[in-house]
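A.B. asks: The whole structure should be built from the sequences, with the hints applied where relevant.
Protein chains: 2
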Amino acid sequence: MSKFVMLGKLTAHPGQRDELARLMLESSESLEAMEGCLQYILSESADEPDVLWISEIWESAEAHAASLKDENVLAIISRCRPLIAAVTPVKLRALGGKGL
Amino acid sequence: MSKFVMLGKLTAHPGQRDELARLMLESSESLEAMEGCLQYILSESADEPDVLWISEIWESAEAHAASLKDENVLAIISRCRPLIAAVTPVKLRALGGKGL
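Order-wise, the sequence lines are chains R and A. Letter by letter, the first sequence follows residues 1 to 100 in UniProt numbering. Letter by letter, the second sequence follows residues 1 to 100 in UniProt numbering.
Note that these hints are calculated values from the structure, not bench results. Mixed in with the good hints, there may be bad ones.
Identical copies carry no separate label here, and so any pair may be met within one copy or between two of them.
For lysine-lysine, the following PhoX-like pairs were computed, each having C-alpha atoms within a straight-line distance of at most 20 Å [stated by the list, open to error]:
no., residue 1, residue 2
1, K69, K91
2, K98, K9
3, K9, K91
C.D. replies: In C-alpha cells form, the structure reads like this:
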C-alpha cells in the first residue's frame, strides 16, 4: 500500500505567520511519537509573506486520519485556527523517489 | 542556513500521467548520488487524475540550482517536457519539524 503524502498551504492573517510557525513547530514535537507519522516538515514561502507549507508523509491515510482524533493535535489545531486565513490541502499517494 | 524545500505541481496532458510518472521515477535514480539532494519524492494526486507532485528537500537553493545544470537532469527534463501541460513551482525555506 503506498504511503500517504499530505501537503498543505496555510495562509496566515497578515503579520501572523511567525506566531503561527512558532505554534506549529511546537506541535511537531508531539508528532515525534505519533504512530505512522514518518515526516512533518513546516516551511515558509520564499515568495508569499503570509504563507506556510506543511509537507507530511504517513504510513497510510488511515494513520493520518487517526492523528486528527488525537487530543494534543486537536488542541494545537484550535490554538492555530485564529491565526489562519485559508488552508489548501493537497492529498497525494507516494509513487517513489529518493528518501521515501 | 535553512534547507531548501521545492514543491512542484505537474499537470500532465490528458492520459499521460502514468508515462510521465514512469520517466520521473527513472530520473530519481540519477538523483541518488546527487550532491545536496536529501529527498525527491514523486506522488500522484488523489483528486486530480492528470496531476503529479514533486516534493524535494535540498541542502541549499544553490545545490538545487546546480542540479539543473547536470546533463542527466537536463536530458530527463527534455524527455518529460512533451508530456507536461503545466508546472507550478513552490519555493520554500524549511523551518523545522519531524524527519527533516
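A.B. asks: Name the hints, by number, that the structure is in violation of.
C.D. replies: none
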